[in-house]
Amino acid sequence: MSLDKATVAKIAHLARIKVPDEELESLAGELSQILTFVEQLNEVDTKDVPPMTSVAAQKLRRRKDEVTDGGYAAQVLSNGPETAEGFFVVPKVVE
Amino acid sequence: MTALTHLTMAEALDGLAKKEFTAVELTEAHVRAVEAVRPFNIFITETPDAALSMAKASDERRAKGSAGPMDGLPIAVKDLFCTKGVATTAGSHILDGFKPEYESTVTSQLWRDGAVMLGKVNLDEFAMGSATITAHQGETVSPWSPGAPGAWDRKIVAGGSSGGSAAAIAARAALGATGTDTGGSIRQPAGYTGTVGIKPTYGRCSRWGIVAYASSLDQAGPMTRTVEDAAIMLRSMCGFDPKDSTSVDMPVPDFRAALTGDIRGLRVGIPKEYRVEGLSSEIAALWDQGIAWLKEAGAVPVEISLPHTKYALAAYYIIAPAEASSNLARYDGVRYGLRVEGGNLKEMYENTRGAGFGKEVQRRILIGTYVLSAGYYDAYYNKARQVRTRIKWDFDEAFKSCDVILTPTAPSTPFAIGEKMDDPVQMYLIDVYTVPVNLAGLPAMSVPAGLGADGLPLGLQLIGRPFDEETLLRVGQVVEKAANFTAVPPFVA
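First to last, the protein sequences are chains A and B. Quick note: the first sequence uses full-length UniProt numbering, first residue 1, plus one each step. Quick note: the second sequence uses full-length UniProt numbering, first residue 1, plus one each step.
What the hints contain is simulated information worked out from the structure, not anything from laboratory work. There may be inaccurate statements among the hints.
Here are the computed lysine to aspartate or glutamate pairs in the EDC-like style, where the Cα-Cα straight-line distance is at most 16 Å [claimed, not checked]: (1) B/K310 <-> A/E43; (2) B/K243 <-> A/D65; (3) A/K18 <-> B/E341; (4) B/K310 <-> A/D45; (5) A/K18 <-> B/E360; (6) B/K310 <-> A/E39; (7) B/K420 <-> A/E30; (8) B/K243 <-> A/E66; (9) A/K59 <-> B/D249; (10) A/K18 <-> B/E347; (11) B/K243 <-> A/D69; (12) B/K359 <-> A/E30.
Covered, in the sense of this in silico footprint (three residues per stretch, anywhere, with C-beta under 8 Å from a C-beta of chain A), are these stretches of chain B [unchecked claim]: (13) 339-345; (14) 371-382.
Note that the Cβ used here is the ideal one computed from N, Cα and C, for glycine as well.
Model the full assembly from the supplied sequences, consistent with the hints where possible.
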């Protein structure tokens, strides 16, 4: 599998990572190398094999849907790069 | 008397109990050692003040007769564990300035049991790597590097991603350290530095408060200089935690009590598929030596087959990046860490993540995004999860005819910084023996077993049945005793 520059640019956009144009070419090469490496999985017969969803032989626990923790907005906000009046501040979003 | 920094945890606990020295004295010696290892770039954050006040409190507890199982033992914490009020970086620029408001479950249990925090140690960025060379804070140099600090010809890697943890212990700057292991990140650095590292069964240690890489594979574990110390530290780290939905509600055994030395009749599986291309002849010889040691102790070697071994790395390099691309979506410049402004919200996200993540992290996020994208999900991600099931089945089948599995920890000896760096796939191959274990969720450990021709340490890996860390430790100690690994690195603090 070989990725071209346009595909890498598209993935980078989906992942919200800014990749400078001059790096797209080399990145496409590296990612293609990895995808070529993983292609060997096609040799494995996986007919009727369930995809693993949990490695531990246990079901996910359930609990009551109730509030058990919280009430400390100041701590939640304490690491925010920009906050105001109990909120995180982001650039204006106008679609 | 042995220098305080050269004691094992078991010896230190003994000395503290007999009042041969205080926790404050033990900690002061280690704080000096932490300063002495600065040229190796092991610690990202040193916390000497916290260490000394924790040591003082430990002495007070001991005087009152209420000392915990690790009381007064100075340890280092991989900088992937959130520590309240102490910077937690994950080795990444994107977590600049982040000081958690909470403590990870694993570290809180260590402090509950009396351990003393010396500081936070280096790793590969977001634990993605095998050499501790990708952190924003720079690479860690192994104390096994030949030559005087600062005048090295070859700077040997400490392995990764828990390379700071491994280097700190090997250099005698901490009695133990926490590590995390997603594809070998505890065992491989332990092997590279002549130390002991355990990745427990998935679900044994809570993942709560540990910066996530690939959640279905990540496990925390202890790194120490002896198997007995690993047993001591593992007990404090394990335990059910309702805050981690995959934490397993099982009693934690007294792992130290499992160290009986008696492995008579135990069946030791030797996987034939692990004789891979690229396995160095001296490691193959060490592996044979390990089999001989266990045989002498009364165990019975059995050849086993793990037919899907060769596909483990490929499955891992789909599953881990897929989970990482999802886990790392949270670093968006809004709630913590770095923000790089842009013309609008989307640009701010892209600028922040472009500047904040290093190259290897970006590669893995991009691969993960690709294999999860519409049209490729089945071909890549689902296929990898099916192969993962087959790898797990291989182990289930193998454990019908053996009780524990013996393999090398890594196929080659530690390399120097600058080597193996052009081709990401070459670097991935180092984890060929460790990755299958994470995919199958099994417990495994690395025990130092000898030195290679280049004078660098080599490790052997033991793999156990789910939740059978006790057998692992028991066999591990037999290997440790037979190997009698007494070598110390050229530099010790």
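The hints, checked one at a time:
| no. | hint | verdict |
| --- | --- | --- |
| 1 | B/K310 <-> A/E43 | 11 Å, holds |
| 2 | B/K243 <-> A/D65 | 14 Å, holds |
| 3 | A/K18 <-> B/E341 | 12 Å, holds |
| 4 | B/K310 <-> A/D45 | 14 Å, holds |
| 5 | A/K18 <-> B/E360 | 15 Å, holds |
| 6 | B/K310 <-> A/E39 | 12 Å, holds |
| 7 | B/K420 <-> A/E30 | 14 Å, holds |
| 8 | B/K243 <-> A/E66 | 14 Å, holds |
| 9 | A/K59 <-> B/D249 | 12 Å, holds |
| 10 | A/K18 <-> B/E347 | 8 Å, holds |
| 11 | B/K243 <-> A/D69 | 11 Å, holds |
| 12 | B/K359 <-> A/E30 | 11 Å, holds |
| 13 | 339-345 | holds (count 6) |
| 14 | 371-382 | holds (count 3) |
Figure legend: structure checked against the earlier numbered hints; every hint is met.
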